[in-house]
Amino acid sequence: MKDSEVLVLEEPSLTLADQFYLPQVMFGLGTTMKHMLRVVVQGKHRVIQYPEERREDLKVEDGGINPSTYRGVHRLNKDEDGRVKCVACFMCSTACPAKCIHIEAAESPWADREKYPQKFDIDELRCIYCGMCEEACPVDAIELTSVYDIVGLTRQEMVFDKSKLLRIYDQTAKNEPM
Amino acid sequence: MPDVTLWNRFVNLLDAHPWILITFIAHFAILGAVAYLILLERWTASWVQDRLGPNRVGLGFGILPILKDMHMFGLGQPLADGMKFLLKEDYRSKAVDTVLFTLAPMMMITVVILSIAVLPWGGIKQSTRDLDLVASTSAETAPQTPDKLEEKINAYLPSDASNVTHNERVETHQDADGVWRQHLISTVTYRYNFQTASLNIGVLFVLAALSLAVYGVVIGGWASNNKYSFLGALRATANMISYEIPLGLAILCIVLIYGTLNLEDIVNKQAHYWWHFIPAWNIFSQPITFILFLICMHAEANRAPFDTAEAEQELVGGYHTEYSSMRFALFFLGEYAGMITTSVVCVALFFGGWHFPFVDSIVCWLVNAIASGMHWNIAPAFVDATNPAVTNSLVVCVVRALVFFVKSLVIVFVFMWVRWSLPRFRFDQIMNLAWRALIPISLGLLMVTAIVVFLMGGAAGQNQYLPISTAFVLLLSNGALVAITMVISTLIPPGPDTNRKILVPGSRFLTAPAAGGVAIAPSVN
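For the protein sequence lines, the chains are A and B, in the order given. The first sequence runs 1 to 178 under my numbering. The second sequence runs 1 to 525 under my numbering.
Treat each hint with caution, since some may be false.
[Stated by the list, open to error] Sample of chain B residues lacking proximity to chain A, with all beta carbon distances greater than 12 angstroms (derived): (1) Thr44; (2) Asn55; (3) Met374; (4) Trp417; (5) Gly444.
[Stated by the list, open to error] Facing chain A, from chain B, some residues (calculated, C-beta under 10 angstroms): (6) Ile38; (7) Arg42; (8) Trp43; (9) Ser46; (10) Trp47; (11) Val48; (12) Asp50; (13) Leu79; (14) Asn225; (15) Thr485; (16) Met486.
[Claimed, not checked] Here's a subset of chain A near chain B, in silico, CB distances under 10 angstroms, partners left out: (17) Phe20; (18) Leu29; (19) Thr32; (20) Met33; (21) His35; (22) Val47; (23) Gln49; (24) Met158.
Simulated from the structure, these hints should not be mistaken for laboratory data. Beta carbons: idealized from backbone N, C-alpha and C, even for Gly.
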């Protein structure tokens, strides 16, 4: 780094009110009092009272979520016949930066494709919900839904297998079509 | 026999031993309020930050069936917090000094409880009681007047009873054993202060007790055997010792006017009116003194913006880093109870204590009207025309105590409001503020007040209060002092630059002109 590249900033000089500090203190107290009155008197706050209020019920301007773009828990899509759409190409697990997708492929029982996933596990605790798998999927089989409040008592519970991921599709397919 | 209802018994007990009940109620009120102050603190914090704060924990704790699903604005939170503190593991590291480690939180809370004793809650109560002094042997013989009548009467009265007058009469009635006897009954009228202990050095006592709180902090920090704790304790010491000087000087300004260190006298003398409607509170005559006092109170309580002693970001909690469970809770209790006590003293010195315009008269009028069978046209009459602090109604005393408490809570709220508004000072800034600003200003204030009191006279006499002319001159002199301070402060040279930039060899900012010039070659190794 050269001298010419160094940006030297002048400290702004203090006004008389700044120097005596107390007027500025009063000003600051006024600001906080304004906020307090806004919450207490007008009831204007920035809190969503989860679980009574949920983000999906709110407008996006009010802190709600847009289900079409929200990146929540994954689902495995089904085709018209109710079969898993995945062709076990490993694109998602290759793209995954957190290495949380584990697929075991097997010979497909159906005529229209060669492989299908015998096992499809996603470790939801490792996942960083970046959506790379969704981007990488050539057949739109894996998608992120807007479900965000998943809980489990053990780590093992949070590894979602194929049946669970397909179940999430059944739950969310109505509100969030493919 | 007079009608002995429960209320009369209660009043009689209170008139005989006022300090017992007042002590109990004042202590439980203050120590109980602490729990809810913590809730208020969290609410204040969240309101300032546009949040709602704790509003979930009701009083059902998920167990009681009816209250189970009621949130009750989070009023159960303090109880839950208290439970948590009791049930947590009381962890203590091997390296601590066991005795001192145990002693420190105790000291912290003891000094606060000590200082509650002299707070004047409700002015002066005047009571009239019938004392059954001597009984004769039969209905025919007259009772013998005891030799030391006064001493005998005084034995029945509270220790600080004053203005005692007594009238004796003889009554004949049947005793419990069935014998009729003549009794010497003395009707005694006396006054006592509605507080635990009436000390004539009250102000000094509170100051002394509260400044002992620093021992709790220092001993706690030292006994923890932890660098952070020790640093926090050191900072707290420097902080408290520095700010006690302007605090004492600010109090002296008030003491000079009234010529007494007696806290209840100072309060009672503010219970007058200027022009029949402005209360004669010191805040109106000495606003700058009040501001100084308020600043010093914050520093004394070790709270933001003077909370370097427990600065979480630098010292992981300071002197109470090593404390957990109920020991930690005691530190907390001490801090908050200390806050209430200093607020009470602040209200007593500057806001007329229990006095609030016209509340006394209204309550007095209500009580008289109800006592006389709903005659609403009785004018409120004070017992003593020269001293409005005297009342003969217990209700008035209780209302006064409540008014006092509410006023103090407002000051406590100011503490919290300030804490969540202002950033923390650096340590050198705190010291600069005390020694270069507050102490000179408070010395100036003291001098100005002394001159005014010397020229115009204070309010030291019996039942005398500050005349409006003197108050006005004091107000003017306060303003003049601020103006003079502003002029002088522009003239005095700046202090040493304690936060100057130190040249670090190899720094890429080294050659920048702002950093002080000369380039130093980075050392090659």
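Results for each hint:
1. Thr44: Nearest chain A Cβ is 7 angstroms from B:Thr44, so the label is violated.
2. Asn55: Non-interface label fails for B:Asn55: nearest chain A Cβ at 8 angstroms, not farther than 12 angstroms.
3. Met374: Non-interface label on B:Met374 holds, nearest chain A Cβ at 38 angstroms vs cutoff 12 angstroms.
4. Trp417: At about 6 angstroms from chain A, B:Trp417 fails to clear the 12 angstroms cut-off, so the statement is violated.
5. Gly444: Holds, because the least Cβ-Cβ distance between B:Gly444 and chain A comes to about 15 angstroms, which exceeds 12 angstroms.
6. Ile38: Violated, about 18 angstroms.
7. Arg42: 13 angstroms, violated
8. Trp43: 9 angstroms, holds
9. Ser46: 8 angstroms, holds
10. Trp47: 4 angstroms, holds
11. Val48: 5 angstroms, holds
12. Asp50: Hint holds; B:Asp50 Cβ to chain A Cβ min 5 angstroms, cut 10 angstroms.
13. Leu79: 22 angstroms, violated
14. Asn225: Violated, because the Cβ-Cβ distance from B:Asn225 to chain A comes to roughly 38 angstroms (cut-off 10 angstroms).
15. Thr485: Interface hint status for B:Thr485: holds (9 angstroms vs cutoff 10 angstroms).
16. Met486: 7 angstroms, holds
17. Phe20: 7 angstroms, holds
18. Leu29: 5 angstroms, holds
19. Thr32: Holds. Min distance 4 angstroms.
20. Met33: At about 7 angstroms, which falls below the 10 angstroms cut-off, the nearest Cβ of chain B leaves the hint on A:Met33 intact, so it holds.
21. His35: Hint holds; A:His35 Cβ to chain B Cβ min 5 angstroms, cut 10 angstroms.
22. Val47: 5 angstroms, holds
23. Gln49: 8 angstroms, holds
24. Met158: Status violated, d = 26 angstroms.
In terms of the numbered hints stated before, the structure departs from hints 1, 2, 4, 6, 7, 13, 14 and 24, listed from lowest to highest.
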